[in-house]
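Trainee: So the protein sequences, as listed, match chains D and X. Under this note's numbering, residues -2 to 284 are what the first sequence spells out, in order. Under this note's numbering, residues 16 to 156 are what the second sequence spells out, in order.
Simulated from the structure, these hints should not be mistaken for lab results. Every clue listed holds true.
From chain D, some residues computed to sit far from chain X (all C-beta separations above 12 Å):
1. THR29
2. ASP47
3. LYS88
4. TYR133
5. ASN137
6. ALA140
7. ARG171
8. LEU184
9. VAL214
10. VAL226
11. PHE238
12. LYS246
13. GLU253
14. PHE257
15. PHE281
On the chain X side, residues computed to face chain D include the following (Cβ under 10 Å):
16. SER28
17. MET48
18. LEU61
19. PRO62
20. GLY68
21. ARG93
22. LYS97
23. LEU122
Beta carbons are placed, not taken as given, at the ideal position from N, Cα and C, and that holds for glycine.
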Amino acid sequence: MSSKYAVLPCNGLDKCAGQITKEIALAICEKTESDLICPVLYQVAESKYDTSVKENPLLVIDGCGMRCASKLAAAKNLKIQKKMTVSAEAKERGCVLPTDTLRLSEAERKLAVELAAELSKETETAKEDSGAETVYQTPNDFAVYTRDKFIFRVPTEGFYFTENDCWLQVSGNRARIGVTDYVQQSLSDIMFFTPPNLDSELEQFDEAGVIESGKAVFEVICPVSGKVVAVNAELASAPEFINQSPYEKGWIAELELTNFAEEVDFLLTTEGYMKILKKKVDDFHVK
Amino acid sequence: MSEAREVKFGVVSCSGEECLGGTISRLATRKIMDEIQPDKTVTICLPLFLAGGQEERTFAKEFPTIAVDGCNKACARRAIEKYSGAVSAAILVSDLIGDEMAEGPALSTRDLTAEHQKMIDKTTLAISEEYDVLIKAEQVK
Chain D
-2 MSSKYAVLPC
8 NGLDKCAGQI
18 TKEIALAICE
28 KTESDLICPV
38 LYQVAESKYD
48 TSVKENPLLV
58 IDGCGMRCAS
68 KLAAAKNLKI
78 QKKMTVSAEA
88 KERGCVLPTD
98 TLRLSEAERK
108 LAVELAAELS
118 KETETAKEDS
128 GAETVYQTPN
138 DFAVYTRDKF
148 IFRVPTEGFY
158 FTENDCWLQV
168 SGNRARIGVT
178 DYVQQSLSDI
188 MFFTPPNLDS
198 ELEQFDEAGV
208 IESGKAVFEV
218 ICPVSGKVVA
228 VNAELASAPE
238 FINQSPYEKG
248 WIAELELTNF
258 AEEVDFLLTT
268 EGYMKILKKK
278 VDDFHVK
Chain X
16 MSEAREVKFG
26 VVSCSGEECL
36 GGTISRLATR
46 KIMDEIQPDK
56 TVTICLPLFL
66 AGGQEERTFA
76 KEFPTIAVDG
86 CNKACARRAI
96 EKYSGAVSAA
106 ILVSDLIGDE
116 MAEGPALSTR
126 DLTAEHQKMI
136 DKTTLAISEE
146 YDVLIKAEQV
156 K
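Extracted from the complex, chain D is given alone in its bound form (with noise of 0.2 Å):
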């Protein structure tokens, strides 16, 4: 990792992970001229960290489930690059952090040191795979509806759809997923999207990545069985593309499919979707 960057870690005192944070994130700025940003003095002198926040690309890095620093860039509007839970890391290695002391053992301080690696280099994988070679049609067509100042915009051929709100484009074996617009418009402004894994195979119905905004977090309900074989990296650093174009630029990752012959059954076709999004905003409408 060689650009520079604003770290802002969690550093809760109170748990194995978050004194990990803090490992992470030193880690992260000796090896970069990256600013280090005190989620506390952050929070009551906003002003000594403005202009690295807003300059550099930012990375959080949370201790918990409570994920304090992502609340804190969100609170702050802050635009995240990238971020990481470490409990959820650890868990995901099989790697047990001790709930009866903080004090960090060789275990602990090698995990910190492979997660600091893991951030920097996901960052610069995601950049690697930004394009996806195969061609979509762009959607010019799109069935609407409109309730009060909302309006719904579906495309109306070349997509399929599942009642998850998540879309499905095909191109001859491959497809591009992404979410729809009801999706983007009741999560409102999105913060952050955390991609699916590249390489990784996906069942129907997998999680496909999950969208953060100041709102709500919403799990991508992969529609077919597929391999990753290449994600938005653009989403990274505009992950309002999902905001602004859910069907073109804000597309979410790209799948070889694996069994779409069997699994077309249970998507939904335009037709059929409209029927389930009217349902939706009639439903859940609020004036």
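Start from chain D and add chain X according to the hints.
Mentor: Then chain X, alone, in the frame of chain D:
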């Protein structure tokens, strides 16, 4: 006959990202909790406290709290005062190890030297002395 209230003390360290004083305050707080008064002290996660953690704020309202700050910005003390009321005692690491040293760069625990360890011990002792004063006051109640 009324039951004696079990007194727990909150020891709240500054977050410690900004400077060495913060790192020392974190480590001294941990030493109090792990070794000196393991059954009588708890800490409060300051970022969570600031993010609106109600359990943390309620604890600091109801139990005696010692703030341990790295420098004279006193983020921990000020945060407690803002959301939960006055602290019972306040330690300033920069008063113990000097402003210049306290405002030096933060460091990883793997880089701790014997000199740093002495600073941690000095801060731990200061917290411990405040604790002793407070526990005596509680016993008089």
